[in-house]
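From these two lone chains plus the hints, build me the complex, please.
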Amino acid sequence: MTAFHNIVVVGGGGAGLRAATAIAEANPLLSVAIVSKVYPMRSHTVSAEGGAAAVIADDDSLDEHAYDTVSGGDWLVEQDAVEAFVREAPTELLRLEHQGCPWSRQPDGRIAVRAFGGMKKKRTWFAADKTGFHLLHTLFQTALSYQDIVRYDEWFVTKLLEDEGGVHGVVAVELATGRIETIIANAVIVCTGGCGRVFPFTTNANIKTGDGMALAHRAGAPLKDMEFVQYHPTGLPFTGILITEATRAEGGWLLNKDGYRYLQDYDLGRPTAEPVLRSMELGPRDRLSQAFMHEHAKGRTIETPYGPIVHLDLRHLGAHVIDTKLPFVRELCSKYQNIDPVKELIPVRPVVHYMMGGIHTDIDGATPVGGLYAAGEVACVSINGANRLGSNSLPELLVFGARAGKAAAEYVRELKTGPRSAVYAQGRDEERRLRHELGKRTEGTERIADIRTEMQTTMEEGAGIYRDGDSLDKAAVKLHELRERFDRAAIDDHSSEFNTELIALLELDFMLDIAQSIVACAGRRTESRGAHQRTDFPKRDDEHFLAHSLVHHSGRVEYLPVTITRWPPGERVYGR
Amino acid sequence: MKNTPKTITMQVTRFRPGEDEAPVVQSYEVPLRKEWAVLDGLNHIKDHLDGTLSYRWSCRMGICGSCGMTVNGKPQLSCATFLTDYAPGPVRVEPLRNFPVIRDLVVDISDFMEKLPKVKPWLIHDGEPPEGEFLQTPREMDEYKKYSMCINCMLCYSACPVYALEPEFLGPAAIALGQRYNLDSRDDGAEDRRDVLASAAGVWACTFVGECSTACPKGVDPAGAIQRYKLTAAVSALKDYLLPRGARR
Chain A
1 MTAFHNIVVV GGGGAGLRAA TAIAEANPLL SVAIVSKVYP MRSHTVSAEG
51 GAAAVIADDD SLDEHAYDTV SGGDWLVEQD AVEAFVREAP TELLRLEHQG
101 CPWSRQPDGR IAVRAFGGMK KKRTWFAADK TGFHLLHTLF QTALSYQDIV
151 RYDEWFVTKL LEDEGGVHGV VAVELATGRI ETIIANAVIV CTGGCGRVFP
201 FTTNANIKTG DGMALAHRAG APLKDMEFVQ YHPTGLPFTG ILITEATRAE
251 GGWLLNKDGY RYLQDYDLGR PTAEPVLRSM ELGPRDRLSQ AFMHEHAKGR
301 TIETPYGPIV HLDLRHLGAH VIDTKLPFVR ELCSKYQNID PVKELIPVRP
351 VVHYMMGGIH TDIDGATPVG GLYAAGEVAC VSINGANRLG SNSLPELLVF
401 GARAGKAAAE YVRELKTGPR SAVYAQGRDE ERRLRHELGK RTEGTERIAD
451 IRTEMQTTME EGAGIYRDGD SLDKAAVKLH ELRERFDRAA IDDHSSEFNT
501 ELIALLELDF MLDIAQSIVA CAGRRTESRG AHQRTDFPKR DDEHFLAHSL
551 VHHSGRVEYL PVTITRWPPG ERVYGR
Chain B
1 MKNTPKTITM QVTRFRPGED EAPVVQSYEV PLRKEWAVLD GLNHIKDHLD
51 GTLSYRWSCR MGICGSCGMT VNGKPQLSCA TFLTDYAPGP VRVEPLRNFP
101 VIRDLVVDIS DFMEKLPKVK PWLIHDGEPP EGEFLQTPRE MDEYKKYSMC
151 INCMLCYSAC PVYALEPEFL GPAAIALGQR YNLDSRDDGA EDRRDVLASA
201 AGVWACTFVG ECSTACPKGV DPAGAIQRYK LTAAVSALKD YLLPRGARR
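Heads up: the sequence lines are chains A and B, in that order.
Its first residue numbered 1, the first sequence is counted upward by one per residue in my numbering.
Its first residue numbered 1, the second sequence is counted upward by one per residue in my numbering.
Be aware that one or more of the hints could be misleading.
Short, incomplete list of chain A residues facing chain B, as computed with Cβ under 8 Å [what the hints assert, rightly or not]: (1) Leu144; (2) Ile241; (3) Ala449.
No farther apart than 20 Å at their CA atoms in a straight line, the calculated lysine to aspartate or glutamate pairs in the EDC-like style are these [what the hints assert, rightly or not]: (4) Lys34/B to Asp108/A; (5) Lys122/A to Asp85/B; (6) Lys218/B to Glu331/A; (7) Lys115/B to Asp153/A; (8) Lys34/B to Asp340/A; (9) Lys145/B to Asp108/A; (10) Lys335/A to Asp85/B; (11) Lys115/B to Asp148/A; (12) Lys218/B to Asp153/A.
These are computed hints drawn from the structure, not numbers from a lab.
No residue lacks a Cβ here, since even glycine has one placed at the ideal position from N, Cα and C.
Same shape as in the complex, but just chain B (with noise of 0.2 Å):
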């Protein structure tokens, strides 16, 4: 049997504002013990080797989103990421990309949380709910299930080359979230979220590189809500080009 290395050299990136003027790396020997997600080998350096590395972590079950980061080059959710997979070693960890850093492996993702609001993220439905639930059959909540998993943990937007050119595109995930509620049954607002989705910062800011629904660790396929949305789009223009108003919809 082999000898497997008892430890693992992780290169952090840090940066200390005021301190740093650009990133520096710093590396640290780790346990590489089978069971250890990178987020472990984060906390072990955290408790017994320096108490100044920054992150943000909190499930460590792959649902909250808190703690994604780059990974050997990829966006990854660092409790869902082992570092078995990348012994003997070194794991490259770093900061989300195309987000400002705020301190170490900790961005700032205020522009999604302005953006979100924006395609609507909620129920619109005209007039009185029912008295009881909404009939929904399996079948219509299959049409909008996996743009509702999303966990907004912001692998898309790092893994996005237009979101790293135009800071404007709404980008996948917010998207997404839009096209949830766009083919949810029981929603009547897609009308009020197509200035904001079908804008030049909306679906048509998307080129189809794909490579966010490569990232997405919840199977969300925010590629696929875009080029869904586009054809939607397209058809409610020419719509709007050929039709009187009250025949739209």
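Same shape as in the complex, but just chain A (with noise of 0.2 Å):
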């Protein structure tokens, strides 16, 4: 089977949604396709809590949310593209509260803010703290009056397909019922966000298996720092629900087994009874991941079975700040963990919640590869550098979903050549061997589920917040030995209805080459900056690597300049 249109955007979570009505705006003879394998409204967006910030508030200013991005991002950052992030974001904000979005408010009406991690102004905007929830069935819902965009919800693509022209379509299959059709367009753009799941701990959903990474890496397009993932200081032990930061911008302290709030002795400023930001418990995450090893190292955090762990204290805020502020917080702990902030101290450890790294692209969103585009998490363009602040991913979703989607139509329009044959063969060899992967894997003599497992552990034990040159290269051996085991795998499952069996063996396939590119990266880079933490090289190496990582799919990794505009390299400064 095959279908045609003129770009497909794959991925329905708030980028996808943001790329697909922009293209509808710019061109509303287009034909959009949104190929997603959740329902848009189930996408991970949905699970942001805190907030989005924007500029909005008097007192502040486009500089200062620019140089809170850059040296929270430890200066391996896109300076011209913070500038336009930060230029774009409350355009971003206003459009989605024209559009309905519940933003909280002040008593006379106008949008509130709060403080957030790494921010010197308050200019978050939240939705109590279900920000991404309301962001997302927002867009959605707009979205549904777009008669134009089509949508295949609940398909799985596997394979993009390209000339020598550029991209030029996908191959993906349809869950309900195992049918595979190729779908050609003009221009993709990838939307799928990131890729929490090869780690073992994380906050992300189960569907985030990066699988737009590895789509865009196979057809040639490099990934940018990858070496760099963020830690959130506060997940629930067990699940990895995460706590939203928003619990520290409201004033909760973070305490070790003595009640103490030792990130004062990280260079983060001292206690105050009222947050202070950019300092202590509004620091940056990747410093207060790192403060939380420091403490697990000298013996101050508390064993669980499920981990060393730390205390977030609320109970000071009172009941009132946390049900209008905090809701969710208090319904996550209350369910999944039975214990009540408002009265008990909250159980919390570092975990894995985004990837700065992602397909390399432009400010616009477009890659190396003709007809390819990326936004949102899955994309690096790179704003985030080696560390995201809190409330800046849900923005750059909106601005660089906008963009990318503005630029691909831009580029269909202008576009001379359709598919060649080449793209048609290429759809009917993707679609033999997904038929031979339903129905050959029936001899193997191992589990994907222990697969998956093991390439878990490898990377918390090699790549975690701390790695340093020999865990880095055990990881490199288990991973190739892991993707060896891969080919050996077995499925129980050869029906075509609902196979979530074979997708679990697709996604698992993509995991692998994802965690092989993050090592990969964190191998080369003999340096210690944000996120990225070698305890053999524990200094920032401007001369050598101010500059992105980029890993080909051949395992081939080059460095690329980071652009500065008015922001020179400097220490990041917290607390003082």
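Right under this line is the structure:
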């Protein structure tokens, strides 16, 4: 079977929906398809809690948002992209407001903003602590009013198709029926989000398996800065459920086993009763997660069956603040931890949360491969550099989703040639491969769950918050072994209808690629910067590494100098 | 101290099209752990006992709406329903009721996906939006806020006795989402939604059993939304009858 659209958007979360509506507005005559492995409103954008940063307050400025973002990213940041980002973020958030997003308000009806980690001003818009949920449902429901956007809900993309002219479509499996279809297009925008499931303990939903990164990588697009993996400092043990940074913005404290606000020992400022911006609990995520590791080494964390923890204390905020500003936190703690944060301490530990790295794109979401665009967490522009600031990811997916949509619409308008026969042949080959995967994997000796678990453990041990040359070498060897074992993996399920085991197999295939990219880049970056901390190279090395790593599918890694416009590299200062 | 059993039996309804003539029940023994949700039990089965079992899940924090199932007879999010609450077992896990089953615990929700756009769940504003934000006080937001919390998990449709008998019924979530915009101070679209919401398949089909609001894991109260709209629709119909066209709004 073959279908045709002008542009295919892979992924229906925040970035994908924003890209699709931007295309529809740029040129209503274009046929746009969103192909998503889940119904769009199930996408992981839904889980974002704390908020979305954009300058709106009278005492704030675009330059301050830009500086916080650049310094938060330890200068591994494209400063021209950051300038565009901070400029367009307020427009995007206002646009959502006009579409009905229930942003929390001040008593007079104006937008309210809250503090957030690493931000020097209060500039984070929020919808209580379900910001991602409201943002995604507003985008999705608004997109329903665009009748020309075609949706392929619960279709899994397995391959990008291309010829010498560039990318010309995808092959996808319809989950419900097992039908395999070649979907031809003149441009493809990848918006599939992150890859937290490569690690064992993550806030990321089950669907976050790095599909889009691997698809683009295989189609020839380099992945950028893959060694930069964000650990969020406050996840619930066992489940890994995120307890939003907004808890600390509202005044929550992090306490070690002695009830001591340990962040004061890590150059993050002095403890005060009221929260201070860019200080203590409102420091950046990389520094807070690293501080936890040091506390653990000093024996000042608390052992639990699910790893060491510290405590997040919200008790002094009182029931009113918690119920109005953080109701979801109370709900999650009650349901999943059986505690009430109004009266009890919340056990937390660092948890893999976000990929700073991703598909290498320019400021318009364009990859080096013709017709291939990317936006959102899957992409790396990079405004996040070595460490993303909390509440920058939601405006990022809007700003760059819109930019990618517009750029792709322009690209297809100017495109002179359609797909060549090679594209159709690739589609047929891929269909054959998928049928083979489904049918042949009966005799294998490996279970995919075992390989997946070993991959995750390998990544945590080898490429966690702190890494070194040895740990990364061992991880590389182990991943190579797992890749070989993957070829001998069997599946029990050989049916066509909603075969989630086949999907898990294809996802594991993608994740193994991503894991190898992360380890390859981390091994070559012999410095420490932001979320990439090498115990054998503890200093930042601007002379050699003020540059993005680009890893190609062959395994080759090269470096691309950082674009600096107005903020020369300096020291990251918090709490003083 | 009483010895707690180390495992629990999960009785899972299976249906494999082309293989099973009708749904069959398959039993699995899974570890009984304090932290484990029903979903963790299913994942244990999938990873270690039987890779052929199919079900949907994603966020495992009760916000994506994927993992609705019938657990011991009640519609539940399987990520937010804990095995220990059913000890010593067995726990019966079935697909959501009132939907066609695609496979095992996976139901076909395309009926809802087709009905949702009919209530126009987007902001309809006459004229251009303001340059800055619409002003909306917290009190004005409270008017619609709870109806905006719907995660589309379909538990309310599964619980609704009317939807079971009248597949044409728009259903609790879709009506609540229509009302979510009707009650938003920024919205002028109530007239545009009226034909659908006030139709025979709209609010008037509801017999106010209230099972939807009981089943809702997010406190949306679709039954309340429906009752409130019945009053709106009745007043509006009366105005249509009594007033000249220009005075109806």
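Checked hints:
For Leu144/A, the interface hint holds, the least distance from its beta-carbon to any beta-carbon of chain B being 4 Å, beneath 8 Å. A distance limit of 8 Å between C-beta atoms decides the matter here; for Ile241/A the minimum to chain B is near 5 Å, and the interface restraint holds. For Ala449/A, the interface hint holds, since its Cβ comes within 8 Å of a Cβ in chain B; the closest pair sits about 4 Å apart. A distance of roughly 46 Å separates the Cα atoms of Lys34/B and Asp108/A; the hinted pair therefore is violated under the 20 Å criterion.
At roughly 43 Å between alpha-carbon atoms, Lys122/A and Asp85/B are farther apart than 20 Å, so this suggested pair is violated. For the given pair, Lys218/B sits about 10 Å from Glu331/A by alpha-carbon distance, which is consistent with the 20 Å threshold. Distance check on the hinted pair: Lys115/B and Asp153/A sit about 15 Å apart at the alpha-carbon level, within 20 Å; holds. Distance restraint check for Lys34/B and Asp340/A: the Cα-Cα separation of roughly 17 Å lies within the 20 Å cut-off, and the hinted pair is therefore satisfied.
Our distance criterion of 20 Å between C-alpha atoms is met by Lys145/B and Asp108/A, whose separation comes to about 17 Å. For the hint linking Lys335/A to Asp85/B, the alpha-carbon distance of about 12 Å falls within 20 Å, and the restraint holds. For the given pair, Lys115/B sits about 17 Å from Asp148/A by alpha-carbon distance, which is consistent with the 20 Å threshold. For the given pair, Lys218/B sits about 24 Å from Asp153/A by alpha-carbon distance, which is inconsistent with the 20 Å threshold.
Hint compliance for this structure: hints 4, 5 and 12 are not met, and every other hint is.
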